[in-house]
Amino acid sequence: MAEQNRPALAAGIRHFAFHDGGAPVLGGVDVAFAPGTLTAILGTSGSGKSTLGRLLAGWLPPGVSGSLAGYLELAGTRLEFSGSGADPRIDPAQWGRHVGFVPQDPAAVLSTVKATVAEELVFGLENAGADRAAMQAAVEHMSGLLGLRELLERDPSRLSGGQLRRLAIGCAIITRPHVLVMDEPFASLDAAGAAELAALVRNLVQEGTAVVILSQAAEQPLLDADTWIVLADGTVRASGTPAELKAAGKVPDALCRGASQAAPGAGVSRVRVGAVPALELRDVSFGYQPEASRPGSGPFRRRQQSPASRDGRPDVLQNVNLAVHPGQIVALTGPNGAGKSTLLRHLNGLLRPGSGSVLVGGADISGVPVGVTAASVGVLFQHPRDQLFERTVQREVAFGLDRIFPRDEVGERAQAALAAVNLAAAAGEHPAELSASRQRLLALATVLARRPSVLALDEPTVALDGAGLQLLDSAVRSAAEEGAAVVLVTHDLVYARTAAHRILALEGGRLTER
Amino acid sequence: MRVHPLTGLAVAGSTAVITTAAASLPLSLAVVAAALGVSGVTGTLRRLLPAAAAVLVPLAMSLLMVHGLAFPEGSTVLAAWGPARITSEGLAFAAERASLLSAVVLVLLAWSFTVSIPDLVAVLSSRGVRGRLGFVAASTLTLLPAIADRAVRIRQAQESRGLVVRRGLLHKVAAFRLQAVPLVLSLVDDAGTRAAALEARGFSSTGPRTNYRVVPDPAGQRLLRAVLVLAAAAAVAARLWPAGTGG
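Residue numbers (our numbering), protein chains in the order written: chain A, 1 to 514; chain B, 1001 to 1247.
These are computed hints drawn from the structure, not numbers from a lab. All figures in this text were calculated on a predicted structure; none of them were measured in a lab. Certain hints may be false.
Here are the in silico distance ranges between beta carbons for each label pair [said to hold, decoys possible]:
#: 1; chain 1: B; residue 1: L1133; chain 2: A; residue 2: E207; range: 31 to 39 Å
#: 2; chain 1: A; residue 1: A86; chain 2: B; residue 2: T1193; range: 25 to 33 Å
#: 3; chain 1: B; residue 1: L1143; chain 2: A; residue 2: L79; range: 34 to 42 Å
#: 4; chain 1: A; residue 1: G85; chain 2: B; residue 2: D1217; range: 45 to 53 Å
#: 5; chain 1: B; residue 1: V1003; chain 2: A; residue 2: T392; range: 28 to 36 Å
We put the CB at the ideal spot given by N, CA and C, even for glycine.
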């Protein structure tokens, strides 16, 4: 019985600080995760929850990455740390056998030397010396659980964001760890994927796994959790069952997303139909080249043939027609891997259609360099790390502004864009050191600062906490009010319904009205 | 036919050794042509040429400077500036060495660009090479494509914010100047995260390791490898034998 009650993983953190000499990022954190339980650690952007998750998962070994005063307890063994050189050292491999981790950026788990999804899945089993039959059985089981069966022979580096997240989850649980820590696992999953993941979590809990989910929002699947732990400013502010915390009013509003109950399209700007569409797609078809066996040979190769591809797979986009008028907000949904991001990359010319044409402000952009189209079309990429490249937040927003505005206005416009997403105070910081939520807002600011006539946003709500979502929402609405046409790809239907005039679904290469 | 990574290595390695031992201009040129042909057929030529140029252009230039301008045995003087004189024998010698060097570099690069990295990692691992070492070997080969891939992403981000990259090498070089610093910083950042992920997935564990990927190694390819190794050894012996007997 005592065995049953002993936590699978526990931590008592008096304080934890990185070696960069900054203030402690965690302190006053006492958490314990019993076998067969689901715990949600809820915190807004910058609350320290990703740091806590990485510490619990052995991805931030104390002494190596930062200084910990406190203890970590795994499978009944307690390690005490004082922040001195005499502290015990964690073996990440041994730790990883007990604790699986799915980071916020699922691409981070890829080994980069595996050619297929199946091989990437079993990487951990190979390292543990599992025999081939066991690995084959595990691949079969795991791919069925995570909806990866059709993707087993695909190159992992060419998966969509949602597919990659499923793979990362598979990589974490295929070795059957006793504890599973997942950072924002529901982000970028389609509705089916989110439901499957929720079911998977329930199964894992029933089988005795201690599941810990870090989230910026008290999302639907987390309502079933045994415990909610509310984290703010690096410290535990409240913990208890969801019902207890809600009754006591201890769940901050910022953690409750989708609070806006507005009717579809309510409050959104007036569409200026009749004028030339700000953006138009005419019979656009597109398909990727058949995959090469070699990884790392570039994700954006394209093929001109249409409509059926040479390797038998249908085109990602098939005769897509779309017109978006000034002031109009169009939300684009669809299952993971449907080609939504591919479509978005056509809007500024990063990808060119195999057939058909893309018109911006009535002019065909074929043959126009991306950098020129960029003056009219602002694209927010799905991953902020693909968008941010400068040394400071200020430089990041100012990049390229001098090409469209007079030089003496650049600083002012950059500041205004940062202020619009509440990042004015962070102007001197390095973009990589911002939290995921703030990175996304910064990426948004880089797009907004350019005042484009077309805004193309790929999963803009992912990784945003409640406050971030409000900033995004008001930025998108005010851009539309000023006459921008907005296309946003999202799985967040709640947000899409409140913000968009039209909701379209991309499935099987075709757009349909929802 | 799927070529076993070690067969590919044996072909490339033995060709390099035999070409070096033979030191014959026609053979070197034939090997250069064959390496370019294989690279063209496998669709790796566009990546092979810049890498080969980066290695070979400075080396060929230095050979030309050293042997073309100062070749004591040269008697047919084509031009002379003081002590420096260009002789046709010096130019011929420089050309022969440059072609030999090109043959060796191209054949090895062609192998490195065409070998299946996952096959290579699996083979190295199954032959008892420690996982970490195999990964380092594989990473060395995947590094260039990975850097190129990341550079493309950064360029796309910059283009999306107004950077216009016009056609032509000079414009591309000028644009790359803007990508160099973010490229290095993002690779360093990436390496840190990747290391944590690899460690946590048991990559450094010292116990036995298995392979999911099966790389077929037909008897014919094993025999070919043995023949190639013997041929390379014979070529070296043939080269040394006359030298050893004062021939």
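- Message: Hint compliance check: list the failing hint numbers for this structure, sorted ascending.
- Response: 5
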